[in-house]
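Take 1 as the starting number for the sequence shown in full-length UniProt numbering and just add one per residue.
In case anyone wonders, no lab produced these hints; they're calculated from the structure.
Note that the Cβ used here is the ideal one computed from N, Cα and C, for glycine as well.
Wrong hints could be hidden among the right ones.
[Unchecked claim] SDA-like cross-link-like pairs, simulated, lysine to any residue; straight-line CA separation at most 25 Å:
{"no.": "1", "residue 1": "K115", "residue 2": "S40"}
{"no.": "2", "residue 1": "K155", "residue 2": "D66"}
{"no.": "3", "residue 1": "K59", "residue 2": "P77"}
{"no.": "4", "residue 1": "K155", "residue 2": "P79"}
{"no.": "5", "residue 1": "K140", "residue 2": "V157"}
{"no.": "6", "residue 1": "K46", "residue 2": "L78"}
{"no.": "7", "residue 1": "K137", "residue 2": "K113"}
{"no.": "8", "residue 1": "K104", "residue 2": "E147"}
{"no.": "9", "residue 1": "K59", "residue 2": "L101"}
{"no.": "10", "residue 1": "K140", "residue 2": "S108"}
{"no.": "11", "residue 1": "K155", "residue 2": "K113"}
{"no.": "12", "residue 1": "K155", "residue 2": "K115"}
{"no.": "13", "residue 1": "K46", "residue 2": "D128"}
{"no.": "14", "residue 1": "K46", "residue 2": "I150"}
{"no.": "15", "residue 1": "K115", "residue 2": "L95"}
{"no.": "16", "residue 1": "K46", "residue 2": "A175"}
{"no.": "17", "residue 1": "K113", "residue 2": "D128"}
{"no.": "18", "residue 1": "K113", "residue 2": "V168"}
{"no.": "19", "residue 1": "K140", "residue 2": "S40"}
[As the list claims (entries may be wrong)] Label-pair ranges, simulated between beta-carbon atoms:
{"no.": "20", "residue 1": "L68", "residue 2": "V41", "range": "24 to 32 Å"}
{"no.": "21", "residue 1": "K115", "residue 2": "P162", "range": "15 to 23 Å"}
{"no.": "22", "residue 1": "G69", "residue 2": "S40", "range": "19 to 27 Å"}
{"no.": "23", "residue 1": "N43", "residue 2": "E103", "range": "14 to 22 Å"}
{"no.": "24", "residue 1": "D164", "residue 2": "K113", "range": "16 to 24 Å"}
{"no.": "25", "residue 1": "D128", "residue 2": "V50", "range": "36 to 44 Å"}
{"no.": "26", "residue 1": "I141", "residue 2": "A62", "range": "31 to 39 Å"}
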Amino acid sequence: MAASLLKVAATNLTKCVRHTLPSVRAMSSSVPLRQGVPGSVWNLGKLNHVAIAVPDLEKATALYRDVLGAKVSETVPLPEHGVYTVFVELGNTKLELLHPLGEKSPISGFLQKNKSGGMHHICIEVDDINAAIVDLKARKIRTLSPEPRIGAHGKPVMFLHPKDCDGVLVELEQA
């Protein structure tokens, strides 16, 4: 009797795993991870960078370059985004140091609430940003601009509303 109950439970569990979302299925080593949303024409890629808003860009750059020994980029102004950026190379990903540029910088408001700075957003690559945006909007995920804009790497990017992403500001970047 116990053996038949175990067999029924195993069969039900197998059926359940086949119908769960890919992110849940990824927790089981026996079920292969499938990137992307079932039936979608776009796929989620690797973590491109974690962005950190900093009140003192020179001090933060010196910390990563001179104290921690990381390779850092030159400071690049991005007036269309209202930020200065410095990228810190980490081998498998990057940190993006952000500092306000101009009166309407979104980083100014963030630093007013977080005087010492802090994590601002994560950036994840996608293989087809336009398809991703259409799909996410259809799933009621809000974007912070109507169309993609060119980001710090010269590629199209789109920011997703943090209230729709578990409190995290998510940037999607064309791979």
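Evaluation of the provided hints:
1. K115 / S40: Distance ~41 Å between K115 and S40 Cα, so the pair is violated.
2. K155 / D66: violated (29 Å)
3. K59 / P77: Roughly 17 Å separates the two Cα atoms, so the pair holds.
4. K155 / P79: holds (16 Å)
5. K140 / V157: Holds, at roughly 18 Å.
6. K46 / L78: holds (23 Å)
7. K137 / K113: Roughly 29 Å between the alpha carbons, so the hint for K137 and K113 is violated.
8. K104 / E147: holds (19 Å)
9. K59 / L101: Between K59 and L101 the Cα gap is close to 17 Å, so the pair holds against 25 Å.
10. K140 / S108: violated (28 Å)
11. K155 / K113: violated (30 Å)
12. K155 / K115: Not OK: K155 and K115 at ~30 Å, beyond 25 Å, violated.
13. K46 / D128: holds (13 Å)
14. K46 / I150: holds (19 Å)
15. K115 / L95: Answer holds: K115 to L95 is near 19 Å, not above 25 Å.
16. K46 / A175: holds (9 Å)
17. K113 / D128: This hinted pair is violated, its Cα atoms lying about 34 Å apart.
18. K113 / V168: With Cα atoms ~16 Å apart, K113 and V168 stay inside 25 Å; holds.
19. K140 / S40: With Cα atoms ~15 Å apart, K140 and S40 stay inside 25 Å; holds.
20. L68 / V41: 24 to 32 Å: For V41 against L68, whose Cβ atoms are near 40 Å apart, the range 24 to 32 Å is violated.
21. K115 / P162: 15 to 23 Å: For P162 against K115, whose Cβ atoms are near 20 Å apart, the range 15 to 23 Å holds.
22. G69 / S40: 19 to 27 Å: Hint violated: Cβ distance 41 Å, outside 19 to 27 Å.
23. N43 / E103: 14 to 22 Å: Once the Cβ atoms are compared, 38 Å apart, the range 14 to 22 Å for E103 and N43 is violated.
24. D164 / K113: 16 to 24 Å: holds (20 Å)
25. D128 / V50: 36 to 44 Å: violated (23 Å)
26. I141 / A62: 31 to 39 Å: The hinted range 31 to 39 Å holds for I141 and A62, with Cβ atoms some 38 Å apart.
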